[in-house]
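**Q** Dock chain B against chain A, hints included.
Listed below are the residues making up each chain.
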Amino acid sequence: MLETPRARRIAHLALIALGLAPLASLALGAARGTLGANPVETITHATGQWALRLLLATLAVTPLRRFAGWSFVAPWRRSLGLLAFGYATLHFATFLALDLGFDLSALGEEVAERPYVTLGFTALLLLTPLAVTSTRAWQRRLGRRWLTLHRLVYAAAALAVLHFVWLVKADLAEPLAYAAVLAALLAARRARRS
Amino acid sequence: MRIRESEVTPEALFLRRREFLRAAAAASLVAAGCLPGDEGEASTEAPKPEALANVKPAPAGPFRAMDEPTPFEKASAYNNFYEFGTDKEDPEANAHTLRPKPWSVAIEGEVAKPGSVPLETLLAGFPLEERIYRLRCVEAWSMVIPWVGVPLGALLARLEPTSRAKYVAFETLVDPEQMPGQRRQILRWPYREGLRMDEAMHPLAILAVGMYGRTLPNQNGAPLRLVVPWKYGFKSIKSIVKIRLQETEPQTTWSQEGPSEYGFYANVNPEVDHPRWSQARERRIGELTKRPTLFLNGYADEVAPLYRGMDLRRYF
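Just so you know, the sequences run in chain order A and B. Using my numbering, the first residue of the first sequence is number 250, and each one after it goes up by one. Using my numbering, the first residue of the second sequence is number 24, and each one after it goes up by one.
So that you can see chain A by itself, here it is in the shape it has in the complex (with noise of 0.2 Å):
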């Protein structure tokens, strides 16, 4: 399956536009005002719920890679990582800016107090260095350490699964499904192993 390196080029550029078109499509909306009644929690739950998941998919890659065989999606795994991570900077710049008004110590206060906030905070905090160190540059500098570090996507996964969990006021069956996906993918990186 896509053998040359023209369609493996092509198919990856598609999956970045895929990747981006949540995107344009909050763009749109905002600009066309077709958000809803309240258009910031649309843009708070879109934004947090593509960052989920984007990371889902970006640990799906290497399974994907290992029992499909499916050496061409390798590359994937670094675009949808670096997409997961910039949905979570718009998640955490909207409740910044909109929600806190850029009040950094009121940041403070919620970081602190709220759990749900700590977990998702903590998310995008270990979220960061991943994807400063995403180049190639970073990855030969590194060398072995660079696997090491890169293992917490799992842990940012893991943060953002509960984070989304401890807000939900009745229904957990969409959280649920986030956390079910995230064990199954799990489940898959032990089977790799043993």
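A few of these clues could be false.
[Said to hold, decoys possible] Here are the simulated lysine-lysine pairs, DSBU-like style, with alpha carbons at most 35 Å apart:
#1 B/K71 x B/K313
#2 B/K313 x A/K418
#3 B/K97 x B/K71
#4 B/K313 x B/K136
#5 B/K265 x B/K71
#6 A/K418 x B/K111
#7 B/K265 x A/K418
#8 B/K124 x B/K313
#9 B/K189 x A/K418
#10 B/K111 x B/K97
#11 A/K418 x B/K97
#12 B/K111 x B/K71
#13 B/K189 x B/K265
#14 B/K79 x B/K136
#15 B/K136 x A/K418
#16 B/K124 x B/K136
#17 B/K71 x B/K124
#18 B/K124 x A/K418
#19 B/K124 x B/K189
#20 B/K313 x B/K79
#21 B/K111 x B/K79
Because the hints were derived from the structure by calculation, they are not lab data. Just so you know, these numbers come straight off a predicted model, no measurement behind them.
**A** Frame of chain A, contents of chain B only:
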């Protein structure tokens, strides 16, 4: 899948486990295709709200909030009404299956003549009055809505409560045919709410039959809902089929679901946070940033005396 013991030992962890089981059961039902979706159902147009005649305009003062009213299009498209789904857009999309006419209300408990009363009879003789109130949701968003209704106190007085009537309890309709969200046990149906008698008799508390000069859209709680503007929105129970006067404090839905998070009183209070999020600020629908939340939603002058001497952190 229901775990009854959880009602006896309402521990946070245990509640989580029950929610997990409930969600897992629902997920497996969905996977097995057991839960009906939209397909195969006659999708009828929601009945258009009808114009209400002879509505007394709200007098100046607390009955007429000076805030800019939320546009009808937003107030009728962004609702928490889990009987029609848990997303804010679900009630507008799904509430067309509710049949608000004919409607009757069961009057029970400590009253002169209990029984089932057609809605028209229950409301007969009360002039319809407009009330422009702020509505503050426990989720930290708010609206300003011009309601049409009757004072709850006057209506209760006509039921001739006995001396043992200390509380009033309300229930929403249970009918999964009309309320598709009830096919899953998201909450323990029926939705139940209640007020202390002095709260219910306060002139700010109304039973609404309309908003924006027309009958209530189904998603806003047609044909009869409570509006208690100084309390979080979940107190203002929708599509009421039962009013019961009683001596003891009624068990209410959200305080049963999360006793540490939702109390019986649920008074709007920026000083008392929800355990998981701050209540100090709110987003007024239509505004980008948040504004400070007012004590008792700005109705402190009127209703603070009801809570004199009460520790509002304890009785949240």
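**Q** Quick one: which hint numbers does this structure break? Sort them smallest to largest.
**A** Per hint list: 4, 8 and 15 violated.
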